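Line order of the protein sequences matches chains A and B. 1 is the number of the first residue of the first sequence in the numbering used here; add one for each residue after it. 321 is the number of the first residue of the second sequence in the numbering used here; add one for each residue after it.
Quick caveat, the hints were computed from the structure, so don't treat them as lab data. You may find that some hints are simply not true.
In silico negatives: residues of chain A with every beta carbon more than 10 angstroms from chain B [claimed, not checked]:
| no. | residue |
| --- | --- |
| 1 | 76 |
| 2 | 279 |
| 3 | 318 |
Lysine-lysine pairs mimicking DSSO-like chemistry, simulated, CA-CA at most 30 angstroms apart [said to hold, decoys possible]:
| no. | chain 1 | residue 1 | chain 2 | residue 2 |
| --- | --- | --- | --- | --- |
| 4 | B | 526 | A | 206 |
| 5 | A | 176 | B | 398 |
| 6 | B | 519 | A | 206 |
| 7 | A | 178 | A | 212 |
| 8 | B | 375 | B | 328 |
| 9 | A | 178 | B | 375 |
| 10 | B | 539 | A | 176 |
| 11 | A | 183 | B | 375 |
| 12 | B | 482 | B | 539 |
| 13 | B | 526 | A | 203 |
Fair warning: this is a prediction, and the values are worked out from it, not measured in the lab. Each residue gets a CB set at the ideal place from its N, CA and C atoms; glycine is no exception.
Here is what each chain is made of, one letter per residue.
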Amino acid sequence: MFKWKKLGKAFTPQEIGGRSWLKEFAQAPATLIFDDFVRVYFSCRPAADRNGQYVSYSAYVDLDRNDLFKIRQISECPILNLGGLGEFDEFGTYPVSVIRHGDEIRAYYAGWTRCESVPFNVAIGMATSRDDGKTFSRSGNGPILSYSPDEPFVLSGPKIRRFNDVWYLWYIAGRKWKMVSDKAEPVYKIRMASSQDGICWNKLHKDLIVSKVEEDEAQASPDVFFSNGKYHMFFCYRYSSDYRGGKYGYRIGYASSTNLIDWVRDDARAGIDVSDDGWDSQMISYPHVFELDGSIWLAYLGNHVGREGFGLAVLDGRLE
Amino acid sequence: MRTMIWKKLGRIFDPEQHKLPNSCTQFAQSPQALVFDDFVRIYFSTRAIDPGNGKYLSHIAFVDMQKNLRDVIRVSDKPVIPLGRLGCFDEHGIFPMSVLRHGGAVYGYTCGWNRRVSVSVDTAIGLAISRDNGLTFQRVGDGPVLAASLHEPSLVGDGFVKVIGNVFHMWYIFGTGWKKFSLEAAPDRIYKIGHAISKDGINWVKEEARQIVADRLGKDESQALPTVIEIEGRYHMFFCYRQSFDFRKNKDRGYRIGHAYSDDLMNWTRQDENPLLDVTPGYWDSDMLCYPHAFECDGKVYLLYNGNEFGRHGFGLAVLEK
């Protein structure tokens, strides 16, 4: 079992003022490392509208490279505009995953639209930055990864990586909408696509992670990291109903692979769980692993899927 | 090009004269033919009322006609394909469905409709396969085979598929964006005709937002339901086109039939006037002409199409006089 040492919450959106679009939530942390700071992208929300509905934006906070609990800067505006009328990302850009590519930084993000019979649908878009990741412009008005016969809706949670000159996109795809107490709840599974250029994608058409707690287990945040000769995936999973409370809510799982296609799930090794009390006592989710100055770090969300921000843990030992 | 003339044969199917499956009444839209040895099966989209909110749900049905294309043999009495599951692209309607024979089966390319909140709908193209000669179709999956992409942001639909030289060709429409043409109006959509190819009919490569037929009414022209047929060694495409707002009631802005031809399946020359299909004052197609489908039967080239009110009152037929 990995030994993660929890260091506490690193960012609390409620403490940040002057940004009407950043009132609460700091979801799905994703890092980009600079010489003297670590830029952590996250997704946040303004106050809900009069119907109680949210839109979500993505932004970043720069943490001091020598002390990740010291905030150096917070983006003054969202990194990306919402999409136009009727477009796939009209109501939200969440989550976002970034990668350097030459002089540019590319972002892959999930765009949200609103539907009549179910609350939303999601597809994955791409955007590019030429100012070191401060702002991004969309590569097109439509998604870069969309629905297919075996992935009918809710393509979300992109995580972009490059291994051996191949682009990989891990993401989740909706399997069914399940009616729970007259509310449609999405069930989704972890999937993967690969690409030579990051634009034209080939889906693997395979569930990567076997379901554990129930057939309709929902899986999210497939965060892949290469270390010591194999690929490690930290992800999160939950039950399909009553998951907003603690008992059936998100937990962090783990799987490993040597070929990126066949994964062995072994949650017992994940090594991080809810705390007895505090901000991550009911739920723990959206893991993101990064390496910094010889240490392996894990950014993650706590209760209410990041409503109060994200925290950090550091690995005691090797990721192997 | 030599002169071609459509001779109108009149309305051949009125949905109000028949009992339709799924409690549908009125509408027989986008007729599409599948020719058998001794009859012609014509699929169309008809409508039921959604009990939840009074909106329409489009369903596929068919009518079998004698090869004289005048006498009705029967109308389908059970669902040809059910609507999609909760949250799927084809949950709120299938309209239209393009059919072709392939490898002993009948492939049906569906245009599935799902309702949105900020705009009325989105669409995508699905594939369903029939192994009982087109009586019923089963989806290859819950999701679409062709959907929105980087430069085709919405409303991918109206797929028409033809296999030419071992390659599947699909002509379809893609939305270029929604637009509010006036403050009080609901958003209207604009769409153009595109092209994609495939080796297996399932995995498609789009030309990605290349508009293959030139606009006649300017950039806000909407083009819909392409159909392609080979006539004497040249490919002919028929489609319908209209202004993008005030097109439902204003007969001067509503759908008309367009035409383009190509010798290489890549470059299309628009030529709406040859052959011209025009409205007939005082008849069922006096104000509007839309949703064409060209097919060959016993050596003749026919065009099925809808008239006024987008096909509320059925479809008619024209035959090509060369």
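Do the hints match the structure? See the list:
no., hint, result
1, 76, "27 angstroms, holds"
2, 279, "33 angstroms, holds"
3, 318, "40 angstroms, holds"
4, B:526 with A:206, "23 angstroms, holds"
5, A:176 with B:398, "26 angstroms, holds"
6, B:519 with A:206, "21 angstroms, holds"
7, A:178 with A:212, "18 angstroms, holds"
8, B:375 with B:328, "33 angstroms, violated"
9, A:178 with B:375, "23 angstroms, holds"
10, B:539 with A:176, "39 angstroms, violated"
11, A:183 with B:375, "21 angstroms, holds"
12, B:482 with B:539, "28 angstroms, holds"
13, B:526 with A:203, "16 angstroms, holds"
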